[in-house]
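Chemist: Each protein sequence line maps, in turn, to chains A and B. Per the working numbering, the very first residue in the first sequence carries number 3; after that it's consecutive. Per the working numbering, the very first residue in the second sequence carries number 187; after that it's consecutive.
If you're looking for bench data, these hints aren't it; they were derived computationally from the structure. Nothing here was measured: the structure is a model prediction, and the numbers come from that model. You may find that some hints are simply not true.
Label pairs and their in silico Cβ distance ranges [as the list claims (entries may be wrong)]:
(1) Pro405/B - Arg188/A: 22 to 32 angstroms
(2) Asp81/A - Gly223/B: 50 to 60 angstroms
(3) Val465/B - Lys33/A: 34 to 44 angstroms
(4) Asp81/A - Asp192/B: 40 to 50 angstroms
(5) Met468/B - Gly34/A: 42 to 52 angstroms
(6) Val465/B - Gly108/A: 53 to 63 angstroms
(7) Ser433/B - Gly34/A: 50 to 60 angstroms
(8) Pro405/B - Gly34/A: 41 to 51 angstroms
(9) Lys33/A - Pro405/B: 43 to 53 angstroms
(10) Glu213/B - Ser194/A: 31 to 41 angstroms
(11) Glu208/A - Cys191/B: 11 to 21 angstroms
(12) Glu424/B - Leu73/A: 49 to 59 angstroms
(13) Arg188/A - Thr210/B: 38 to 48 angstroms
(14) Leu73/A - Lys229/B: 24 to 34 angstroms
Taking lysine-lysine and the DSSO-like style, the derived pairs with C-alpha atoms no more than 30 angstroms apart in a straight line are [as the list claims (entries may be wrong)]:
(15) Lys209/A - Lys229/B
(16) Lys77/A - Lys204/A
(17) Lys105/A - Lys33/A
(18) Lys193/B - Lys209/A
(19) Lys459/B - Lys206/A
No residue lacks a Cβ here, since even glycine has one placed at the ideal position from N, Cα and C.
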Amino acid sequence: MAIVINKRKQSGESKPKLEEPDQELIARFLKGEEGAFNRLVLSYQNRVYGLCYRITGNLEEAEEVAQEIFLTVYKALRDFRGDSRFSTWLYRITVNHCKNRMKYLGRRGYFQSESYDQPVEVEDGEVSRQIRSEDMDAAALLEQRETQELVQRKINELDEEHREVILLRDMEGLSYQEIADILGLREGTVKSRIHRARLELKAKLEKELFK
Amino acid sequence: MNPSCDKYQSLLSEFIDQELDALTCQEMESHLSQCPGCQEQVKLIRLTCLAVQKLENPQAPSDFLSKLRQRIDQQAPEPGAGLWRSAASWLAAHPKALAATFSFVFVFAFVLGRFAPTVQVAKVNAEMEPAQAWKSAPLARTMNKVAYRDADEKKAATPSIPEEAAPQPAAETRAPSLAVPVSFSALGASAPAEVEKPRVRIVLQTPTQLVINLVRRDPLFQAAAIYPIREGAVVQTETTVYRITISDQNFINALRIISEQQALPASVDEAVKTFHLDVEKMPNPLK
Chain A
3 MAIVINKRKQ SGESKPKLEE PDQELIARFL KGEEGAFNRL VLSYQNRVYG
53 LCYRITGNLE EAEEVAQEIF LTVYKALRDF RGDSRFSTWL YRITVNHCKN
103 RMKYLGRRGY FQSESYDQPV EVEDGEVSRQ IRSEDMDAAA LLEQRETQEL
153 VQRKINELDE EHREVILLRD MEGLSYQEIA DILGLREGTV KSRIHRARLE
203 LKAKLEKELF K
Chain B
187 MNPSCDKYQS LLSEFIDQEL DALTCQEMES HLSQCPGCQE QVKLIRLTCL
237 AVQKLENPQA PSDFLSKLRQ RIDQQAPEPG AGLWRSAASW LAAHPKALAA
287 TFSFVFVFAF VLGRFAPTVQ VAKVNAEMEP AQAWKSAPLA RTMNKVAYRD
337 ADEKKAATPS IPEEAAPQPA AETRAPSLAV PVSFSALGAS APAEVEKPRV
387 RIVLQTPTQL VINLVRRDPL FQAAAIYPIR EGAVVQTETT VYRITISDQN
437 FINALRIISE QQALPASVDE AVKTFHLDVE KMPNPLK
């Protein structure tokens, strides 16, 4: 079986290839051009919203948190020093907002219910077919809505620390160094945390998906 | 699984992510070729990564940006606040300029202090007999009181009208100007910096001031741009440009009506009827 790990996954909007456009938009915004900020939002809203959804596991929460994130960006952009990439800075704000939101919801005994992946009624409440590691069409199966719903549920069961690194690495395709910058950790810590997170998720999926 | 597996197991993720150095990577590959257990682990971890990669993310709602802009506008700082903030951040970024500003303020205050009449008075007082100098303080206070009383009387002479509240004791109009304390909450985004103050005194001394205040109070014109002209104002909304004016005679009548009714009309339409404002309308040419 040959599965190629994509370093960067396309996720709705195209990721800016160069950092210049962001810097240019920021500079124009700081000079008072509101439209430049709107363009920044449009180029990042899907990624931020998607990550919020995967961390919180709820569409409404994702929208609320994503709005808060861009509101923070709007207010704090003047203080953005440009010593890291804008996307790194944005991810840092995103992760922090999601963490705070999860803490808040945790205190209120909130349990996520609304899912984009639309749980499909399947016998025993689980996906009917399981992937064997020899399956050549594993990728196709993983694209199915019900499989994604299961994966999301298992991601939600992970520790917060594990959830964020695995999403930043495998969903967002960020490098170890970028993740270290975003989370304020040493690269070595990120490496071992990613590995532990994958082992934990693997163990959860193994029971129900990989046979 | 053989004993050397432990060493490789912890490196599997780095191997999958192609983060191992060339030498370790070679070692790993030769180990994997002999170890079915580790091979199986690699496959399962890769499948786990793939499961996360394949997650299809929802797109942000189509009204995401417009909702955000609404929230930004709701939290927009008062006009002027941004200027102060940028001045402050500029000074913070230029410590020398900050020092210069402080020294300038000190020198200015010092020079001003030396030539200010109050200082001269104090000096004269100090040269007087000590008892007299000591007495001068109460004297000054009495003089101030007189000054305050003067101001109070002047204030009373100008009709003071609470907005949409119980009429205050009637006061006669002695001057063709009005000071109307109103709440700025109804005035929309263009309210001046004193928004926190519950009531702010608006002075209606000219046709321009009257028309601008009437326009600002009108919810229809909340987002409009207002340009003062001599007899009133030009008001530009998204679709229409209005030229709203009032003749001198009508202006004087309007002041009389305001002082009688103790309130301003709530809308321009109402003001057109009661004050006979002249309104010219044309489509916004910039639209």
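Chemist: Of the numbered hints stated previously, which ones are contradicted by the structure, given in increasing order?
Modeler: Violated: hints 1, 5, 7, 8, 9, 10, 12, 13, 14, 16, 17 and 19.
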